[in-house]
Amino acid sequence: MTSTTTKSAYWTGVRDGAPFILVAAPFAVLFGVIATEAGLNLFEVMSFSFVVIAGAAQFTALELMIKEAPTVVVLISALAVNLRVAMYSAALTPYLGKAPLWQRALISYMLVDQSYALSHAKFEDKPKMTVPMRTAYFFGTCTLVIIAWFIFSFLGAALGTQLPAGIPIDFALPIAFLSMIAPMIRSLPHLVAAIVAIIVSLICIPIPYSLGLIIAGLAGMTAGSQVEVWMTKKQGAAH
Amino acid sequence: MIDTGTLWIVIFTLGIGSFLLRFSFLGWVGDRPMPAWALRYLRYTAVAIIPALIAPIVALSNEAGTGPEPIRLIAAIVTFGVGIATRNVIIAIFAGAFTLGFGVFLFG
Numbered sequence: 161m162t163s164t165t166t167k168s169a170y171w172t173g174v175r176d177g178a179p180f181i182l183v184a185a186p187f188a189v190l191f192g193v194i195a196t197e198a199g200l201n202l203f204e205v206m207s208f209s210f211v212v213i214a215g216a217a218q219f220t221a222l223e224l225m226i227k228e229a230p231t232v233v234v235l236i237s238a239l240a241v242n243l244r245v246a247m248y249s250a251a252l253t254p255y256l257g258k259a260p261l262w263q264r265a266l267i268s269y270m271l272v273d274q275s276y277a278l279s280h281a282k283f284e285d286k287p288k289m290t291v292p293m294r295t296a297y298f299f300g301t302c303t304l305v306i307i308a309w310f311i312f313s314f315l316g317a318a319l320g321t322q323l324p325a326g327i328p329i330d331f332a333l334p335i336a337f338l339s340m341i342a343p344m345i346r347s348l349p350h351l352v353a354a355i356v357a358i359i360v361s362l363i364c365i366p367i368p369y370s371l372g373l374i375i376a377g378l379a380g381m382t383a384g385s386q387v388e389v390w391m392t393k394k395q396g397a398a399h
Numbered sequence: 005m006i007d008t009g010t011l012w013i014v015i016f017t018l019g020i021g022s023f024l025l026r027f028s029f030l031g032w033v034g035d036r037p038m039p040a041w042a043l044r045y046l047r048y049t050a051v052a053i054i055p056a057l058i059a060p061i062v063a064l065s066n067e068a069g070t071g072p073e074p075i076r077l078i079a080a081i082v083t084f085g086v087g088i089a090t091r092n093v094i095i096a097i098f099a100g101a102f103t104l105g106f107g108v109f110l111f112g
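Listed in order, the protein sequences are those of chains A and B.
So the number in our numbering is just where the residue sits in the first sequence, counting from 1, plus 160.
So the number in our numbering is just where the residue sits in the second sequence, counting from 1, plus 4.
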């Protein structure tokens, strides 16, 4: 019984994660193409994608290395861009914290935007899921995305500089992120969090090393959280 | 040209660093209960960080990097609008990609 429900949770995850191949593939191809153009060989491109698995951070690091920024700046910036995964880790801990350590380590390795977004929404929606079911669902969501990440990095690197000019692949990242974020805005606090984050990030553009992203993210989270507190108080007063 | 030594330092340090960020709470904090305020903050992580990541890319999308490029700005608005209206990631991404591709094809 347990193993069948766990198995079905895994396959539900695989099914829910499948569309995200379309999201991961353009980034992976783009990374492979840009990295190859920057002089990385196939082995280096694949190692990068295999060891790091973080689109935005990989792009940040690559761009700064091309600009010959100091290595410390490359690392700080890329890790700052990736700081959000620590918040994902925290957000999933109430749901997955009781899984065995080796599973949590493997979950951590595969903790990307897509697996976080799908899993967190699912766990919130279905509070009765057991920890093994949640773990299975999580691994399901990342299975295809991670495989696609490797395969399409490879194709991008193989394609290299042969991509025809004029394809606006540079804008794949914002389009993909925007499509992901829109359905997540479910309430007024969510909307306020997003708007505040956007405004602060635009103000913070001159701040170096991507630190503006962290400031804006924290500002947005604080704003959303605060609005939620106010709304709860108001509701309490109305009753 | 990127120096090979620097590249490998970046790959491995970034790999270890990213893993530790991902492992931070899941690995070390474990299932200790988290305070309500922390959980409340975490509800707004994705809706704050991701827009903050995209906003400057859209706002500075022209070739000189000084302001928005009209086709890209419109594609961004279409993606977001369709995403809000349909609540469907895939319809939104295709609407955005189509707007962008068609716009670049016509005016690019």
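If you are wondering where the hints come from, they were derived from the structure by calculation, not from laboratory data.
The structure displayed is predicted, hence computed values, not measured ones.
Every residue gets a Cβ at the ideal spot worked out from N, C-alpha and C, and that includes glycine.
Just so you know, not all the hints are guaranteed correct.
Said to hold, decoys possible - Keeping only pairs whose Cα atoms sit at most 25 Å apart, straight-line, the calculated SDA-like set for lysine to any residue is: (1) K258/A - P37/B; (2) K227/A - F109/B; (3) K393/A - W12/B.
Claimed, not checked - Label pairs and their computed distance ranges (CB to CB): (4) I375/A - P39/B: 15 to 25 Å; (5) T10/B - A397/A: 21 to 31 Å; (6) K394/A - W12/B: 40 to 50 Å; (7) G320/A - L43/B: 18 to 28 Å; (8) N92/B - S168/A: 30 to 40 Å.
Under the criterion that the straight-line Cα-Cα distance not exceed 25 Å, is the pair K227/A, F109/B satisfied? Violated. K227/A to F109/B sits at ~30 Å, over the 25 Å cutoff.
K258/A and P37/B: Cα distance at most 25 Å? holds (11 Å)
The hint says 30 to 40 Å between N92/B and S168/A; measuring C-beta to C-beta, is that right? This hint is violated: roughly 24 Å between Cβ atoms.
Checking one constraint from the list: CA of K393/A to CA of W12/B, max 25 Å. Satisfied? Given pair K393/A, W12/B is violated - Cα atoms ~52 Å apart, limit 25 Å.
Kindly confirm whether 40 to 50 Å is satisfied by the beta carbon distance between K394/A and W12/B. At roughly 55 Å between Cβ atoms, W12/B and K394/A fall outside 40 to 50 Å, so the hint is violated.
C-beta pair I375/A, P39/B: status relative to the range 15 to 25 Å that was hinted: holds (23 Å)
Range hint 21 to 31 Å: satisfied by the CB atoms of T10/B and A397/A? violated (59 Å)
Range hint compliance [Cβ, G320/A to L43/B, 18 to 28 Å]: Since G320/A and L43/B have Cβ atoms about 46 Å apart, the given range 18 to 28 Å is violated.
Checked against the numbered hints given earlier, the structure breaks hints 2, 3, 5, 6, 7, 8 and satisfies all the rest.
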